[in-house]
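K.L.:
Chains as they are written, first to last, in the working numbering: chain A, 1 to 355; chain B, 1001 to 1348.
Derived from the structure by calculation, the hints contain no laboratory data.
Listed below are the simulated DSSO-like cross-link pairs for lysine-lysine, each with C-alpha atoms no more than 30 Å apart in a straight line:
{"#": "1", "chain 1": "A", "residue 1": "Lys253", "chain 2": "B", "residue 2": "Lys1138"}
{"#": "2", "chain 1": "A", "residue 1": "Lys141", "chain 2": "B", "residue 2": "Lys1164"}
{"#": "3", "chain 1": "B", "residue 1": "Lys1164", "chain 2": "A", "residue 2": "Lys167"}
{"#": "4", "chain 1": "A", "residue 1": "Lys7", "chain 2": "B", "residue 2": "Lys1164"}
Pulled a few chain B residues facing chain A out of the computed Cβ check, cut under 8 Å:
{"#": "5", "residue": "Asp1097"}
{"#": "6", "residue": "Ala1103"}
{"#": "7", "residue": "Ser1104"}
{"#": "8", "residue": "Lys1133"}
{"#": "9", "residue": "Asn1172"}
What you are looking at is a predicted structure, and each value in this text was computed from that prediction instead of being measured. Where is the CB? At the ideal position from N, CA and C, for every residue including glycine.
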Amino acid sequence: MELNLLKELTAAFAPSGCEKNVSDIIKREIESYCDDLYYTKLGSLIAVLRGTGNRSVLVSAHMDEVGFMVTHVDDDGYLHFGLIGGIDSRVLSGRRVIIGESAMHGGIKGIIMSKAVHLQSESERKEVTPVKNMVIDIGAKNKEEAEKYAPKGTFGTFDSEFVLFGKDNKMLKAKAIDDRLGCAVMCDTIKRLRSEGVRYDYDIYFVFSVHEEIGFPGVGASVFGIDPDRAIVLEATAVADIFDVTPSMQVAKTGEGGVISFADLGTIYDREFIDFAFATGRKYNIKCQMKQYVSGSNDAAHIQRAGLGTKIIAVSAPCRYLHSASNVISIEDYYSINDLIYYLLKDLNESIDKI
Amino acid sequence: MELKDLIIKIAGIMSISGYEFRGFEELDNVMYDGLIGGGYFDEYKTNATRNHIYIKKCGKPNAKKLLIDAHFDEIGMIVSDIKDGGFLTVSGIGGIDMRIMWASEVVIYGKEIITGIVVSTPPHLQGIPDERKWHDIKDMLIDTGYTKEELSEIVEIGTPIGFKPMYGELMNGQIIGKGFDNKACAAIVLQAVSGLEDFDWDTYVLLSSKEETSRLGAKTGVYLIDPDAAIVVDVNHAYTPDTPKHETCKMGEGPCISISITTNRSMTDFIINFAKDKEIPLQTVVEITDTGTNNTAITYGRQGIPSVVVSLPLKNMHTASEIFNITDAEALSKLLSEFIKGGLSQWN
Chain A
1 MELNLLKELT AAFAPSGCEK NVSDIIKREI ESYCDDLYYT KLGSLIAVLR GTGNRSVLVS
61 AHMDEVGFMV THVDDDGYLH FGLIGGIDSR VLSGRRVIIG ESAMHGGIKG IIMSKAVHLQ
121 SESERKEVTP VKNMVIDIGA KNKEEAEKYA PKGTFGTFDS EFVLFGKDNK MLKAKAIDDR
181 LGCAVMCDTI KRLRSEGVRY DYDIYFVFSV HEEIGFPGVG ASVFGIDPDR AIVLEATAVA
241 DIFDVTPSMQ VAKTGEGGVI SFADLGTIYD REFIDFAFAT GRKYNIKCQM KQYVSGSNDA
301 AHIQRAGLGT KIIAVSAPCR YLHSASNVIS IEDYYSINDL IYYLLKDLNE SIDKI
Chain B
1001 MELKDLIIKI AGIMSISGYE FRGFEELDNV MYDGLIGGGY FDEYKTNATR NHIYIKKCGK
1061 PNAKKLLIDA HFDEIGMIVS DIKDGGFLTV SGIGGIDMRI MWASEVVIYG KEIITGIVVS
1121 TPPHLQGIPD ERKWHDIKDM LIDTGYTKEE LSEIVEIGTP IGFKPMYGEL MNGQIIGKGF
1181 DNKACAAIVL QAVSGLEDFD WDTYVLLSSK EETSRLGAKT GVYLIDPDAA IVVDVNHAYT
1241 PDTPKHETCK MGEGPCISIS ITTNRSMTDF IINFAKDKEI PLQTVVEITD TGTNNTAITY
1301 GRQGIPSVVV SLPLKNMHTA SEIFNITDAE ALSKLLSEFI KGGLSQWN
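Isolated chain B, as found in the complex (with noise of 0.2 Å):
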C-alpha cells in the first residue's frame, strides 16, 4: 500500500483523546484482509488505558524487545451544551488553538455523524468588549443548522468533535489535512514493520493513548511491554517565518531525530551515523530538557528504558491543514525498517 494513502486513512479516522477506541475496526483493517487478518502482525494487545499494541516477532529464542511509540490520539474537542437554536458550546481535548478556529469546518460524532461551522459573529454583536482579543474557547459556538430539541436526539453532553478531514496536496508532495499529528507516524511505523523480514529483536508498535492530554498510554505501554530499547516516533514543528529557526526543522530535508538528556546518547549517535551510511537524510534538532513527546514517560517507566526520539516535520500542527512532505515520511520509515533489520543489533 502506499505511504500516502496509508497515513490518510489513519489520520482520517476519528481519535480523539479518550476514544481512541471508537476507531478500532477501521484502524484493524486499515491494510488489505487486516493487520492482523492479513499476517503483518503476529499479535495484538490492549490494556486498561486503551492503546493499541501490534506485536511483530522476529521469531529467534531469546530475542530482545523493541518498543516503537506513535501516539494514536489527536487533537478535539467535546461538547459541554447545547443551545437554543442549535449551537453548541464545546471544551477542548488537548491544545486547541482558537485562532484558527473561527469559520471552519467541524464534524460532530453523535449518534449521527453531522457538520457544524464555528461562529465567527463578529464580537462587538455578540456583546464580547475587546475585539482584537481572542477569548475563551468556552465563548466559542458552532452551528449545527438544528433545533435545539433535534439537536439533543443526537448530540449529547461529553460528544467528541474533530476537525474536518479534507486531504490535498501542495506542491512537492506536500500533503495537507488533520490528525497528521501523530497519526502520519503511526501509518509511517505501521507500514515499516509491518514488511520486516529477517530481523533480531521482536518488535512492539506501541499506537499509544491520551498523548495530547496526559501521556497516560505510554507510560501504562511501557509498563506492559517491558521492552529493551525505545524509538518514539512523532511530528515535529517545520520551519514557517513567524517561528525561531532553531526551535524547528526543515521541511523537506528528511526526519529529524532529537539530541536531548531525556533519549540515549550513544543510540542516537549510532542512529546518526547508521542514517549516513544508508544516505537516509536525517536532521537532528537540540531538546535540551524534553522532547515535548511521550520519550519521559518512557524514559522513566520500569526501571528506566534508554529511547531516542525521531520525527516527522510538520507545519500548521494541531490544526485542520497540518502539512508533511512526502518524501519526509518515506525516509522515516526507511529509517526505521533499515535500522531493526541492521542497525539495532549492531549497537547493541
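Next comes chain A alone, as it looks inside the complex (with noise of 0.2 Å):
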C-alpha cells in the first residue's frame, strides 16, 4: 500500500466548512470504482457499492480538520482569529500557517505571533496566551493589503509537512491525520473491493463526512437517507503513550493496531460488534486493541442516534499530539486498520445476524 494518496488528503486544506479541497481529491480517486458516487446537501461525499440483498453497511470518515478562521484585520495588519474545533493554545505559538486556500490554490503563508522571550516578563513566561490575544503575520503592511488577502471570515490551518521519522522510518508526522487516515482507508477498502469484483449480500455506504471536528450531526444528516443496519466509524484517537504517563491513561499505543472503543464520551458501542471486530482480528493475525480510557467523542454518537439507530463500532488510529500541526502515528497502524476493516466488510456477509 502506497502513502502517496494519504499524503495528499492531510496536505489538502479542510479545515470544517472547507471539505471541498479533500472531497475532489476523494472523488477522483475512487470514481470508477463505485456504482453511485453522490453529494449531501452539506457537503459530505457518498460512495456506494451495491450489495445483492437490500441490508446495508456504513463505514464512515470525516474530511474536515481542525483549523482557524479570521475573526478581525487590525491597522497594522495582523489577522486575529478564532478556532475551528479544539486546539490546545499552547500548540500555536510561533507554527506556520496556511491563510484563505491551500498551498496548491495560492494560499498565503503566515505565522502565529509570538512576542520574542527577551521581552516577555517573568509572569508571561510561565502563562499560557489566550487566542484572543494571539494574531497572525502574513506580512502585510497594513490594514488594506492585509484584508486583500486575508479578509474576515478567511480560513486558516496548519502549515505542516508530511514526515516519516524513527527508526526505519515508521513514523509518520503531519497534519490533518485526523480523520484523512480514515479517508484513505476507505478509499483502499473501496479499490480493493472492487478490484477483487466481490459483491457481498448488503450495499456499502461509505461517508466521507463534513463538520465533525465542530460537533455538530454533519454525518447524522447524512445517515437519514441510508438507514444502515451496521456502521463502523474510522477515527483517530488521541493517546498518550509515553513513559511517564499513567498506563491506565495513555488510551492506547501506537503500533499496536486499530483501537476498538467500547465507550468514549459521546457512545457506548455495541458489544457484540466489538467482540466480532476483535475476533476478526485474531482470526486474520491483525493487531488491534481496546480503548483504555474513555475520552473523546466522534460521529459515532450521530450515526448511532439517526433515525431507529443502528449497531456501530469505531476503529480508531492511535495518534499522538492530536489536533495540533504535527499528528503521530506508526505507518503499521494505517495498515493494520485498513486489513481489519477489509476483513471486517468479509466476514460480516456470514456474520451478519449474529451480532
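Fit chain to chain and form the complex, with the hints in mind.
P.N.:
Written out as C-alpha cells, the structure reads:
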C-alpha cells in the first residue's frame, strides 16, 4: 500500500466548512470504482458499492480538520482569529499556518506571532497566551493590504510537512491525520473490494463526512437517507503512550493496531459488534487493541442516534499530539486498520445476523 | 551571490553555542570556491574559544584595523537524558521560549541527523497539575520514533538539538526561518566586506562564538584583533502588536543604529549623517545602558574600543519562524560597505 494518497489527503486544506479540497481528491480516486457517488446537501460525499440483498453497512470517516478563521484585521495588518474545533492554545504560538486556500491553490503563508522571549516578563513566560491575544502575521503592510488576501471569515490551517521519521521511517508526522487516515483507508478499501470483483449481500455506503470537528451532526444528516443496519466509524484517537503517563491514562499504544472503543464521551458502542471485530482481528492475525480510557467523541454518536438507531463500532488510529500541527502515527497502524476493515466487511457477509 | 540565498545557507548551518566549529566547512564553502579559496578574504584565523575570523586587507601601509562582529552561534538544546520509548529530555542553550515548543519539529544532530517532534500531550494526562501554566524546559519531551536502545546508538547526553530549518517567504519580501539571529547578520557582513575594493582600513570580520550564553567569543576576539574601532552587527526586535512601540523598531524601514552610553557617540552620529547623505534608510533605537549585544564585551575590551551597534529588525526572535525583511538586509549590507569605503577615514 502506498502512502501517496495519505500524503495528498493530509496536505489538503479543509477545516470544517471547507471540505471541498478533500472531497475533490477522494472523488477523483474512487469515481471509477463506485456504483453510485453523490454529495449530500451539506457537502458530505457518499460512495456506494451495491450488494445483492437489501441490507446496508455504513462506513464513515470525516474529511474536515481543525483550523482557524479570521475574525478581525487590525490597522497594522495582523489577523486576529478564532478556532475551528478543539485546539489547545499551547500548540499555537510560533506555528506556521496557511491562510485562505490550500498552498496548491495560492493560499498565503502566515505565522502565529510570538512575542520574543527577551521581551516577556517573568510571569508572561509561565502563562499560556489565550487565543484572543494571538495574531497571525502574513507580512502585510497594513489593514488594507491584509484584507485583500485575508478578509474576515477567511479559513486557515496548520502548515505542516508530511515527514517520515524514527527507526526505518516507521513513524509519520503530518497535520490532519485526524481523519484523513480514515478517508484514505476508505478509498483503499473501495479499490480493494472492487478490484476483486466481490459483491456482498449488503450495500456498503462509504460516507466521507463534514463538520465533525465542530461537534454537530453533519454525518447524522447524511445517514437519514441510508438507514444502515451496521456502521463502522473510522477515526483517529488521542493517545499518550509515553513512559511518564500512568498506563491506564495512555489510552492506547501506537504500533499496536486500530483502537476499538468500548465507550467514549459520546457513545457506548455495541458490545457484540466489538467482540466480532476482535475475533476478526485474531482470525486474520491483524493487530487491534481496546481503548483503555473513556475520552473524546466522534461521529459515531450521531450515526448511532440517527433514525431508528444502528449497531456501531469505531476503529481509530492511535495518534499522538492530536489537533496540533504535528499528528504522529505509526505507519503499521495504517496498514493494520486497512486490513481490519477489509476483513470485517468480508466476514460480516456471513455473520451480520449474529451480531 | 544573492544576499537572500547567502543568508538562508548560513542560517541553515547548525551552530548552537558550543558547536560553532561543526559547521565550519559549510561556512567556509558558502561562497563559490570558498571564502578564502575564492579570494573573497585574505586570511582566516581562529582561537581557543572557536571564533571564526575572516580578514580583508586594504593593502595600504600602517592601516588601522576595523573589527566587525556578528556572532555565529545560535540558541538550541542539548540532550540531557534518553528515556524509555525513545523520548529525550533536554537542557536549553540560550533563551528557549517554552511557549513556542509544543508540537514543533526539531533536528537531532547525533551520529545520524534525525527528526524529533516536541511532545504536546495534555498535562492532565502527564500528571502535571496546573494546565494553564508553562513548565520548565526540563519537563519537555522529544519524540523520536526509536526505542531507547536504538536511540542510544545514535544520540548521547550532550547531543545538540536545533529547530528544523524551514525557509519560506511571506508577503513584501519577508523571509521566515530559524537562525537569522544572528547568522542573517553574519551573511550580511560577509557579503558587504567580501566585495570591498579601494578602502583604507584592514577589516576583520569576527564571527564570534557563544554570544547567546556568555559572549566569550567577543571577549577573546577583541583581545586577539586589538582593533582601532568596531562595529557590532546583530538583530533587533521589530514591532509586533504585543510589544511596546518605544522598545522596538519597524520592519521594512531600514536597519537600526543604537544610541547608548556603551557605544561611541561620535561614530554613531557620523553614521546617521552618512546614511542620510547616501540615502540609505536608517532607524535609531535608544538603549541607554545595555544594547543586549556583544558591544559591551568589545567596548570594554583591551584598553577600550570605540564601537557602534547596527542591527537588522527581526520578529519572533529565538523561534523557528524568525522574520526579517530582505530590503532591510540589503540596506544594512550597503551601509556597511559604503561606510568602510567612504566614511571610516573621514570619521577618524
